[in-house]
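Number of protein chains: 2
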Amino acid sequence: MNDLLKTQLGAFIDLTPATEHLIESCFKHRVVKKNEVLVAQGSIAKHLYFVVKGCLRVFMVDDAGNESTRFLILPGRFGTAFPSFILKEPSAAVVQSLEPTELLLLSYEDRERLNREVPGWETMSRKQVELEYINSIRRIESLITMKSVDRYQLLLKSNPDIVERLPARIIADYLGISQETLSRLKNQKSIE
Amino acid sequence: MNDLLKTQLGAFIDLTPATEHLIESCFKHRVVKKNEVLVAQGSIAKHLYFVVKGCLRVFMVDDAGNESTRFLILPGRFGTAFPSFILKEPSAAVVQSLEPTELLLLSYEDRERLNREVPGWETMSRKQVELEYINSIRRIESLITMKSVDRYQLLLKSNPDIVERLPARIIADYLGISQETLSRLKNQKSIE
Numbered sequence: 001m002n003d004l005l006k007t008q009l010g011a012f013i014d015l016t017p018a019t020e021h022l023i024e025s026c027f028k029h030r031v032v033k034k035n036e037v038l039v040a041q042g043s044i045a046k047h048l049y050f051v052v053k054g055c056l057r058v059f060m061v062d063d064a065g066n067e068s069t070r071f072l073i074l075p076g077r078f079g080t081a082f083p084s085f086i087l088k089e090p091s092a093a094v095v096q097s098l099e100p101t102e103l104l105l106l107s108y109e110d111r112e113r114l115n116r117e118v119p120g121w122e123t124m125s126r127k128q129v130e131l132e133y134i135n136s137i138r139r140i141e142s143l144i145t146m147k148s149v150d151r152y153q154l155l156l157k158s159n160p161d162i163v164e165r166l167p168a169r170i171i172a173d174y175l176g177i178s179q180e181t182l183s184r185l186k187n188q189k190s191i192e
Numbered sequence: 001m002n003d004l005l006k007t008q009l010g011a012f013i014d015l016t017p018a019t020e021h022l023i024e025s026c027f028k029h030r031v032v033k034k035n036e037v038l039v040a041q042g043s044i045a046k047h048l049y050f051v052v053k054g055c056l057r058v059f060m061v062d063d064a065g066n067e068s069t070r071f072l073i074l075p076g077r078f079g080t081a082f083p084s085f086i087l088k089e090p091s092a093a094v095v096q097s098l099e100p101t102e103l104l105l106l107s108y109e110d111r112e113r114l115n116r117e118v119p120g121w122e123t124m125s126r127k128q129v130e131l132e133y134i135n136s137i138r139r140i141e142s143l144i145t146m147k148s149v150d151r152y153q154l155l156l157k158s159n160p161d162i163v164e165r166l167p168a169r170i171i172a173d174y175l176g177i178s179q180e181t182l183s184r185l186k187n188q189k190s191i192e
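So the sequence lines, in the order shown, correspond to chains L and R. Just so we're aligned, residue 1 is where the first sequence starts under the working numbering, counting upward by one. Just so we're aligned, residue 1 is where the second sequence starts under the working numbering, counting upward by one.
Some clues are possibly wrong.
As the list claims (entries may be wrong) - From chain R, some residues computed to sit far from chain L (all C-beta separations above 12 Å):
(1) His29
(2) Gly76
(3) Lys186
As the list claims (entries may be wrong) - Per label pair, the in silico range of CB-to-CB distance:
(4) R/Ser25 <-> L/Ser158: 37 to 45 Å
(5) L/Asp161 <-> R/Gln41: 27 to 35 Å
(6) L/Arg113 <-> R/Gly76: 26 to 34 Å
(7) R/Lys34 <-> L/Arg30: 53 to 61 Å
These aren't lab readings, by the way, just hints derived from the structure by calculation. Here the structure is a predicted model, which means the values were calculated and not measured. Built from N, CA and C at the ideal position, the CB exists for glycine as well.
Only chain L is shown next, with the shape it has when bound in the complex (with noise of 0.2 Å):
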């Protein structure tokens, strides 16, 4: 089994031989190149993601044609557009790999069987979906309360490598921001 997801895995649930090649049965490997969409805008979301290494993007699209990225999957998370993912619709995200990237895919029926079969999986799946819940939260109050510059440290705080690594595009465009708004950021200590 992979080793990032056995550190993942591990913390919750008691992996003998069994239980590791159940799991193992469930999920399919796969490779990416840069920029592959997973989920078409419009399409179902049959996958739950686990990145092993490189990053994917999950992103709307408005009439206009205009991107917004509505968050980041980075090594070692499970993700996927959740919504189009739990209830089998149309999903108004699109996924898209951003680097060339190494995946574990899980059905939303593999995801059940293993919520049912091994024991733990059900309270890791639980607690992993509280933690999104609470980023989703966070993100609520950043676009609802916080200046650009507490989002952007804010950023820094919880993901310092990404914004380094990252298109400034796609950074400034998470954060609500103009590309400009965030090159002034990035080179001042503090703005009002």
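Please arrange chain R on chain L, whose structure you already have, making use of the hints.
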């Protein structure tokens, strides 16, 4: 057991007399007046609230003293200042009753106990948090991409009664628009 709670649980849990007894022993009943603060900013949210009657509002206050509504907890729903409740950290948000409200209170420890001991409870917990997470994703999407008219129509569709029931100030604030814009939206059938 309260009928509304029984309906909520019945879909996931086999309510034997012993299970019902255990569940009832974990909930505390409380009636609060209008505008009562249940979780103050900076305090720790000690309970998950099940609303039997009335309505709770979860809102933020920024440094300038401006309030912004994060969400509303309506009858038949569980909710609280979730990040504070789960992470046991000081709450960024305030939880307050908007009307005279009847509640059932569940502590963190009792919730974990029910997750461990009542078959089906953790599946219900997980699926509820999944739906709350989906709602918060939609909220983020609407804050990022939607025009005020779309946000207003989404609210009308998902909660038709609250637009009439609650003060315009709260609704405008929830939608991130001015009261003037809200009253224009209420009076117009379409707007660019």
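Hint-by-hint comparison with the structure:
1. His29: Non-interface label on R/His29 holds, nearest chain L Cβ at 26 Å vs cutoff 12 Å.
2. Gly76: Label holds. Min Cβ-Cβ 19 Å, cutoff 12 Å.
3. Lys186: 22 Å, holds
4. R/Ser25 <-> L/Ser158: 37 to 45 Å: 39 Å, holds
5. L/Asp161 <-> R/Gln41: 27 to 35 Å: 32 Å, holds
6. L/Arg113 <-> R/Gly76: 26 to 34 Å: Hint holds: Cβ distance 30 Å, inside 26 to 34 Å.
7. R/Lys34 <-> L/Arg30: 53 to 61 Å: 54 Å, holds
When each numbered hint is compared with the structure, no violation occurs for any of them.
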